[in-house]
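Go ahead and model the full structure; you've got the sequences and the hints to work with.
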Amino acid sequence: MFDRWFDSFTEVATAVAAAGVLIYLGSEIKRRQKKLRDLFYVLGPDSTIMADHLEELARRGVIRPYRPSAPR
Amino acid sequence: MAIAFENTTAPEIASTTNSDAEAPGNPATVPQQAALAPRPMAAATDPRFHIFVIDSGWNCAASKVVADHIDILTHLNIDDELYVLDRATSLALLRHYPLQVGRDPTIAVHDLKPRHRHRVRHTHGFRMHLGILDDEHQVLGALKMFARFLVTHRNADDIDQLVREDLHRQGIAGAIQIIGGHEHHKLIEA
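These protein sequences, in sequence, are chains A and B. Number 48 in the working numbering belongs to position 48 of the first sequence; there are no gaps in the numbering. Number 16 in the working numbering belongs to position 16 of the second sequence; there are no gaps in the numbering.
In short, the hints are calculated from the structure, not lab data. Bear in mind the structure is a predicted one, so any value in this text is a computation, not a measurement. Note that CB positions come from ideal geometry on N, CA and C, so glycine has one too. Heads up, a few of these hints could be off.
Said to hold, decoys possible - Just a few of them, taken from the derived set where beta-carbon distance is under 8 Å, the chain A residues facing chain B: (1) Asp-7; (2) Val-12; (3) Thr-14; (4) Ala-15; (5) Val-16; (6) Val-42; (7) Leu-43; (8) Pro-45; (9) Met-50; (10) Leu-54; (11) Ala-58.
Said to hold, decoys possible - Distance windows between CB atoms, simulated: (12) A:Ser-8 to B:Asp-135: 48 to 54 Å; (13) B:His-153 to A:Gly-44: 17 to 23 Å; (14) B:Ala-147 to A:Arg-60: 26 to 32 Å; (15) A:Asp-46 to B:Asp-157: 21 to 27 Å; (16) B:Arg-115 to A:Arg-67: 26 to 32 Å; (17) B:Val-101 to A:Arg-67: 24 to 30 Å.
As the list claims (entries may be wrong) - Restricting the straight-line Cα-Cα distance to at most 30 Å, the calculated cross-link-like pairs of lysine-lysine (DSBU-like) are: (18) A:Lys-34 to B:Lys-144; (19) B:Lys-113 to A:Lys-34; (20) B:Lys-113 to B:Lys-144; (21) B:Lys-64 to A:Lys-35; (22) B:Lys-113 to A:Lys-35; (23) A:Lys-34 to B:Lys-64; (24) A:Lys-35 to B:Lys-144; (25) B:Lys-64 to B:Lys-144; (26) B:Lys-144 to A:Lys-30.
Rendered as structure tokens:
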């Protein structure tokens, strides 16, 4: 009786632990991917105004191309 | 949209000086130049990207790293145009885009030859928000990753998709790299 109960208990405990590890890994991957998405933000329709603004500044000559010093 | 800019000054522009060693006719440099000549695939000299560096000076560590390596970025992307906004211009710009405040230094890359997927056309490319990183090593790591990405994928067809695959690490392979990859680990953790 105790053996059967113990077997089912260890099975359940293993399953719960495995599920916990998977959930942790999933949330950790999600968190890191979110940080990467924030760091490298892909421009979409909502970014058009700022992008156009920068292009307009360049077109009007308010900002000019950077000229570096020659590499040594 | 007419937007007035206060105190806009031209970005610091260092004059490009061609030393004697770089003169095209110098015989000592000819074999070197031949060896370093770009392969036909990368020979397109018309700009593919406009790169803008916006920095209001919030994050001193990130600002220092960007300022120290801006020349390298320019030399690596010699065919593209890089614009460095000075502090006053950056501040004037950020006043119009409050959501971007505190995320700079920002490097915005605009794709001049985008692949439009939708009927509504918009500027394609990506922005790198270095201000969200905590220390110099992370910023330098991100900058290296950025430079490598731009040089590698300069002739790519769809840069947006590549950013998602290569930098965001989407999908199962990306997830494995995120967990195990040393470079991404350094960038995200700290």
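Consistency of the hints with the structure:
The interface hint given for A:Asp-7 is violated, since its Cβ lies 32 Å from the closest Cβ of chain B, which is over the 8 Å cut-off. Interface hint at A:Val-12: violated, since its Cβ lies 27 Å from the closest Cβ of chain B, which is beyond the 8 Å cut-off. Given hint, A:Thr-14 at the interface with chain B, is violated; its Cβ is 22 Å from that chain's nearest Cβ, farther than 8 Å. A cut of 8 Å between beta carbons decides the hint on A:Ala-15: the least distance to chain B is about 22 Å, and the hint is violated.
The beta carbon of A:Val-16 is not positioned within 8 Å of any beta carbon in chain B (closest approach about 22 Å), and the interface hint is therefore violated. Proximity of A:Val-42 to chain B holds as hinted, the smallest CB-CB distance being about 5 Å (cut-off 8 Å). With 8 Å as the threshold, the beta carbon of A:Leu-43 comes within range of chain B, its nearest partner Cβ sitting at about 5 Å, so the hint holds. Using the Cβ-Cβ criterion of 8 Å, the hint placing A:Pro-45 at the interface with chain B is satisfied: the shortest such distance is roughly 5 Å.
Here the hint on A:Met-50 is kept, as its CB sits about 5 Å from the closest CB of chain B, short of 8 Å. With 8 Å as the threshold, the beta carbon of A:Leu-54 comes within range of chain B, its nearest partner Cβ sitting at about 5 Å, so the hint holds. The criterion of a C-beta within 8 Å of any C-beta in chain B is met by A:Ala-58, whose closest approach is roughly 6 Å, and the hint holds. Separation of A:Ser-8 from B:Asp-135 is about 50 Å and conforms to the stated range, judged on CB atoms against 48 to 54 Å.
One distance hint, 17 to 23 Å for the beta-carbon pair B:His-153 and A:Gly-44, holds here, with the actual separation near 19 Å. About 28 Å separates the C-beta atoms of B:Ala-147 and A:Arg-60, a value consistent with the hinted range of 26 to 32 Å. For the pair A:Asp-46 and B:Asp-157, the beta carbons lie near 24 Å from each other, so the given range of 21 to 27 Å is met. For B:Arg-115 and A:Arg-67, the Cβ-Cβ distance of about 31 Å falls inside the hinted range of 26 to 32 Å, so the restraint holds.
The hint said 24 to 30 Å for the Cβ distance between B:Val-101 and A:Arg-67, and at roughly 29 Å that hint holds. A distance of roughly 20 Å separates the Cα atoms of A:Lys-34 and B:Lys-144; the hinted pair therefore holds under the 30 Å criterion. The suggested pairing of B:Lys-113 with A:Lys-34 holds, with an alpha-carbon distance near 27 Å, which does not exceed 30 Å. Of the supplied pair hints, the one linking B:Lys-113 and B:Lys-144 holds, its CA atoms being roughly 24 Å apart against a limit of 30 Å.
Restraint check for B:Lys-64 and A:Lys-35: satisfied, since their Cα atoms lie roughly 22 Å apart, inside the 30 Å limit. Using a Cα cut-off of 30 Å, the hinted pair B:Lys-113 and A:Lys-35 holds, with the two alpha carbons roughly 27 Å apart. Distance restraint check for A:Lys-34 and B:Lys-64: the Cα-Cα separation of roughly 25 Å lies within the 30 Å cut-off, and the hinted pair is therefore satisfied. For the suggested pair A:Lys-35 and B:Lys-144, the alpha carbons sit about 17 Å apart, so the restraint of at most 30 Å is met.
About 15 Å separates the Cα atoms of B:Lys-64 and B:Lys-144, which keeps this hinted pair within 30 Å; it holds. Only pairs whose Cα atoms come within 30 Å are accepted, and B:Lys-144 paired with A:Lys-30 is accepted, the gap being roughly 23 Å.
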